[in-house]
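Trainee: Here are the chains, one letter per residue:
Number of protein chains: 2
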Amino acid sequence: MKLKLQIRMNEELFLRNPEQSELGLKIISHSIRLIHKNGFEAFTFKKLATDIGTTEAGIYRYFENKHRLLIYIVAWYWSWLEYQIGFHTNNIKDPVTRLKKVIRLLASNVKDDEHTNHVDEGLLHQIVISEGSKAYLTKHVGEDNKHQFFKPYKDLCAVIGGIISECNSKYKYPKSLASTIIEMAHFQNFFMHNLPSLTDFGKTKKEEGIIAFLNDLVFSAIGKK
Amino acid sequence: MKLKLQIRMNEELFLRNPEQSELGLKIISHSIRLIHKNGFEAFTFKKLATDIGTTEAGIYRYFENKHRLLIYIVAWYWSWLEYQIGFHTNNIKDPVTRLKKVIRLLASNVKDDEHTNHVDEGLLHQIVISEGSKAYLTKHVGEDNKHQFFKPYKDLCAVIGGIISECNSKYKYPKSLASTIIEMAHFQNFFMHNLPSLTDFGKTKKEEGIIAFLNDLVFSAIGKK
DNA sequence: CTAAATTGATAGTTTTACTATCAGAAATAA
DNA sequence: TTATTTCTGATAGTAAAACTATCAATTTAG
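As given, the protein sequences belong to chains A and B, one line each in that order. Numbering-wise (our numbering), the first sequence opens with residue 109 and increments by one. Numbering-wise (our numbering), the second sequence opens with residue 109 and increments by one.
These are calculated hints, taken from the structure and not from any lab test. Some hints could be false.
In this list, chains with the same sequence are indistinguishable; a pair is considered to hold if it fits within one copy or across any two.
To be verified - Within a straight-line C-alpha distance of at most 25 Å, the following computed PhoX-like cross-link-like pairs (lysine-lysine) qualify:
1. LYS313 <-> LYS155
2. LYS219 <-> LYS112
3. LYS311 <-> LYS112
4. LYS134 <-> LYS242
5. LYS201 <-> LYS247
6. LYS313 <-> LYS247
7. LYS145 <-> LYS280
8. LYS155 <-> LYS174
9. LYS134 <-> LYS154
10. LYS280 <-> LYS313
11. LYS112 <-> LYS313
12. LYS154 <-> LYS254
13. LYS278 <-> LYS333
14. LYS311 <-> LYS278
Full structure from sequences and hints, please.
Mentor: Spelled out as structure tokens, the structure:
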């Protein structure tokens, strides 16, 4: 028997739960493929509908607009990643080892998770790298935040901040360091592949370089090197 | 006699140089006001034209599309900031003091520079915080980079990376640390004001906190604390 | 002084983003 | 069972956004 992973999403993110119908699941899987392929700006509900073989209005029954859909898949990713982190650091007692594991999970290439069949986590990871910050870099970030749309991201940040404080309870900036690790795991990856002169890994294009950089940065900051 | 500051921009960024006509200068100043007010997504050439008192087609003579205009004003900002940094660190010999000054310039609120009258640097700084990364977070970042659109950003990063190496020539990640400083100066500011739980400065909302965090982070990393 | 180039304004087209309506299928209630 | 509501997917719109083409008036260059 195969275990299926189900992530409970914020009900206000959608008009109709996409996980509860064939079409809904297709909306998720196909939008991930399309956004990954053409980028979020070129992504439209019309193209998505054609790709699925349904109509635009059908999509609008599930999501108010494409930005909500972006927030949805990005939030899904952060929830999934927090679950992964919990799973992989479950038995680790030493917070330093745990923090290293977290950095590795954040900065490594993701492979498709067999426990979810409508989401390709590998593609989703790359979407979150290139498009993830567009979820909150808007004029309506305040309202969206009131609706708790960014809770999975903030929860993950709180978890990592907690581990940092476990490593060194005197360290003054656990939350800012946590958000820095998360953002930089992604930005350094984007820079490495697209604007290599902004990084020290442009030649090799290896995630290991980013992991080494982040480890050095974090454990210098909290004084555990 | 007043000195005017002129920044030479990449010719491929525009169809007609906006600094060489009345209308061009208005396009720059009004687009900064409008993008600051409504955000980049809600910004259109139609609204800009109405705001200026000209027509849409008039704007299209200067810029191919609104994304090019965004790249233009963001690139302008980075060029201006590199000039500011050069000016304010000119006489400082000690690289550690110079790096501290750079961090302060990156993370402080900007006030309008009297030497440019078509650009409000204060508003532009806030635009770069919220919209700046959208300039390169696209599918066509590779082509745009070939056209050297991001040169001012990369130049600034190289300058900061150079100062880092001056502080500690053994440090292995000067470029990645430089891009981390730049990005985090802005992201921590955005988070502090909009998603405060992602930072340790949500209560006070003071830039000084971010400066202290970045100083701590950087000088721990390069071992000069 | 005349020809070429440039300017600003008008009037389109196509695509995007969304809304309203409707017919058929499924669920439910009397 | 039948009637009623409810839900589904599909059709057909509209308004705005993102351009493009054309043209007449002006400036500039030889």
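Trainee: If the cut is 25 Å between Cα atoms, do LYS201 and LYS247 qualify within a copy, between copies, both or neither?
Mentor: neither (42 Å within a copy, 42 Å between copies)
Trainee: Taking 25 Å as the upper bound on the Cα-Cα distance, should LYS145 and LYS280 be classified as within, between, both, or neither?
Mentor: neither (41 Å within a copy, 34 Å between copies)
Trainee: Which holds for LYS311 with LYS112 at a C-alpha limit of 25 Å: within a copy, between copies, both or neither?
Mentor: For LYS311 and LYS112, neither the intra-copy (40 Å) nor the inter-copy (41 Å) Cα distance is at most 25 Å.
Trainee: How would you classify LYS134 and LYS242 at a CA-CA limit of 25 Å: within, between, both, or neither?
Mentor: Answer is within; shortest intra-copy Cα gap is 23 Å, inter-copy 28 Å.
Trainee: Can you tell me if LYS112 and LYS313 fall within 25 Å by alpha carbon in one copy, between copies, both or neither?
Mentor: neither (34 Å within a copy, 43 Å between copies)
Trainee: Can you give me the call for LYS278 and LYS333, within, between, both or neither, at a CA distance of at most 25 Å?
Mentor: Answer is both; intra-copy 15 Å and inter-copy 16 Å each pass.
Trainee: At most 25 Å between alpha carbons: which applies to LYS154 and LYS254, within, between, both or neither?
Mentor: For LYS154 and LYS254, neither the intra-copy (30 Å) nor the inter-copy (31 Å) Cα distance is at most 25 Å.
Trainee: Taking 25 Å as the upper bound on the Cα-Cα distance, should LYS219 and LYS112 be classified as within, between, both, or neither?
Mentor: Answer is within: at 17 Å inside a copy they meet the 25 Å cutoff, but 54 Å across does not.
Trainee: If the cut is 25 Å between Cα atoms, do LYS280 and LYS313 qualify within a copy, between copies, both or neither?
Mentor: This pair counts as between: shortest inter-copy Cα distance 16 Å, intra-copy 33 Å.
Trainee: Using 25 Å as the alpha carbon limit, work out where LYS313 and LYS155 are close: within a copy, between copies, both or neither.
Mentor: For LYS313 and LYS155, neither the intra-copy (33 Å) nor the inter-copy (42 Å) Cα distance is at most 25 Å.
Trainee: Give the relationship of LYS313 and LYS247 under a CA distance limit of 25 Å: within one copy only, between copies only, both, or neither.
Mentor: between (34 Å within a copy, 19 Å between copies)
Trainee: Can you give me the call for LYS155 and LYS174, within, between, both or neither, at a CA distance of at most 25 Å?
Mentor: both (12 Å within a copy, 22 Å between copies)
Violation of the numbered hints given earlier is confined to hints 1, 3, 5, 7, 11, 12; the remaining hints are satisfied by the structure.
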